[in-house]
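Enquirer: Whole structure, please, built from the sequences with the hints as guidance.
For reference, the chains in residue letters:
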Amino acid sequence: MTENLTANRLQSSGAYALELDGVARHFGALVALSGIDMRIAAGERRAVLGSNGAGKTTLFNAVTGDFLPTAGRIRFFGEDITDLPPHERIRRGLRRTYQISQLFKGLSVLDSIFLACRGVSRRRFSLLRPAAADVNMVQARSILEAVHLEAHRDALVATLSHGQQRQLEIALALAGAPRFILFDEPAAGLSPTERRDLVAILNALPKHIGFIIIEHDLDVALRVADYVSMMHNGHLFKEGTPQEIEADPEVQQIYLGGKHG
Amino acid sequence: MSLATAADGAAPQQNWLDKIGAGHVILAVALLLYPLVASDFFLTQIAGYSMIFGVLSLSLMLLAGYGGMLSLAQITVAGIAAYAVAILGSNNSSVLGFGWPWWIVVPFAVAAAAVSSALIGWISVRTEGIYTLMITLAIATATFYFAQQNYAIFNGHSGYAGIHAPVFWGINWRDPKPFYYLCLGLAMLSYAAVLYGSRSTFGMTLQAIRDNPRRMRALGYHVTAHKVFAWFLAGILAGLAGVLLVWFNGRVSPGTIGVDVAIDILIIAVIGGLRHPIGPFVGAIVVILMQTFAIDIVGAERFNTLIGLAFLVIVFVSPDGILGLWGRIKPHLAQESLRAGP
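Chains L and R, in that order, are what the protein sequence lines are. The first sequence begins at 1 in the numbering used here and counts up by one. The second sequence begins at 1 in the numbering used here and counts up by one.
You may find that some hints are simply not true.
[Unchecked claim] Derived SDA-like pairs (lysine to any residue); straight-line CA-CA distance at most 20 angstroms: (1) Lys-105(L) x Arg-199(R); (2) Lys-105(L) x Asp-211(R); (3) Lys-207(L) x Ala-42(L); (4) Lys-238(L) x Asp-248(L); (5) Lys-19(R) x Ala-131(L); (6) Lys-177(R) x Lys-19(R); (7) Lys-238(L) x Gly-35(L); (8) Lys-105(L) x Arg-214(R); (9) Lys-238(L) x His-216(L); (10) Lys-105(L) x Pro-213(R); (11) Lys-105(L) x Ser-200(R).
[Stated by the list, open to error] Distance ranges between label pairs, derived from CB positions: (12) Val-31(L) x Lys-330(R): 37 to 45 angstroms; (13) Gly-53(L) x Arg-126(R): 25 to 33 angstroms; (14) Lys-330(R) x Ala-200(L): 50 to 58 angstroms; (15) Ala-310(R) x Ala-158(L): 54 to 62 angstroms.
[As the list claims (entries may be wrong)] Here are a few chain L residues that sit away from chain R, every Cβ distance over 10 angstroms (derived from the structure): (16) Asp-21; (17) Asp-83; (18) Gln-102; (19) Arg-124; (20) Ala-151; (21) Ala-175; (22) Phe-237; (23) Asp-248.
Derived by calculation from the structure, the hints in this document are not laboratory data. Cβ coordinates follow ideal geometry from the N, Cα and C atoms, glycine included.
Expert: Following this line, the structure appears as structure tokens:
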């Protein structure tokens, strides 16, 4: 598996889901990201580790267009998306979840997922009520099952527990044929049981869907990722397989031995 | 939003009465029969006028309740339709007046209002909350002064007079009963459209953007385009109300679109409640009744004080307006009936 991915990494840019060339982001004098180079093959699952403030979420924001990078280029399946607005990137199959749940408190669970499916369809402006047989409604119901929220389909999002809201975060990212997903600490605040469910959900994703996962919980990160990138102070400083990373003395020093382990 | 359950389509062969709701049917029958008991004054000056302002406030409710965008420019949009009716149709002010028939004038007037509304929306959607209120207030004020000082198009301070509602099918639609039914027809259609639309794809989209625009962007939605489209739709409602308003008054002048009227519409919407499309109509009836009869109670000099006090009391007791008040009383009533039962 690892050899294949390494071989993939050497191929032409078409084989990559995501390519970052010297991506940097400054906030005034603060350098949040400095010259990130990253190649992620289609279907690859990558974990990004690093202490708080290492620049992981800033990296996601640069890729999704929430903040534009100060320098560098970003290619998504070979297409340069550096200057595209967020919604255009999403329509090309990029998805993300948020570290702090970003949900629609006034909508029901099913309607939220329906809107997520609708976001990449042409009927976003429809003034008609969606029928039960509407293709996006059907999709929404199957995603509802995939994230184990069937029992709460008509509940208002505001009434869900924290764990259920985290599941809904993932559901929104799965809607509408994603090709690549950025998961920002999906396990934050989850109980051990909920973490096991999360790992099961992530491992059950169709194989063609690649993702990057930011996760402080190494148990989760190393069980879903093929490959690991370590970040520190806005730099990528180490890449390797989960085994290599776990065994690396420098990584243990900075990350595993630190307070965030 | 609690009315949502019917939309699932779980029971496609639902009884039509269940679908529409018994309350709606009773209300519709009562309103249809109202002319049998009401005097001409109560038919037009109270009921008709309330429904025109109800539709105007409904256009604000659509923006504010579902979209989280507070606007003070709804009367400006209605005014654009009213001026369009005066200019494209006939009036006796001998400035402009193309004399087109009403069935051409009305679509043009409503389209002009909707496009202007979309433009106002496009300008103001970069802002949020109180700033949207301020920028729409600025637009309303600027339009008022422009209309007052421009003689070539708006005929300045005096505006246009001698505008008549159409006469067709042998009916003068400004006569009390026909005009009442005209207002009722528009009010019912607008209400039903907004209620239905709140559960449409676009309606849900708008509410989701209100709750979390950033997330909507991350789902592939062009947030600005959706907000501007909401302004366009609100502009259609405000434009239709503007057409009825100019037929009702027979005239339109800068006073029609003054800032005081803009604030009245906001007060109507807040008093009624922004959570459900019935709110603006409840608010309109309360405010129009107060505006009409407060003079008899406290005299011409102090009637605005009474209205202001009533506004304060309602907002203080229930921030969600009269609808919110009902929402709070209803559970208690249900409890009482449980206790009274066997």
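Enquirer: Taking the numbered hints from earlier one at a time, note which ones the structure violates and give those numbers from smallest to largest.
Expert: 6, 12, 14, 15, 18, 19 and 21
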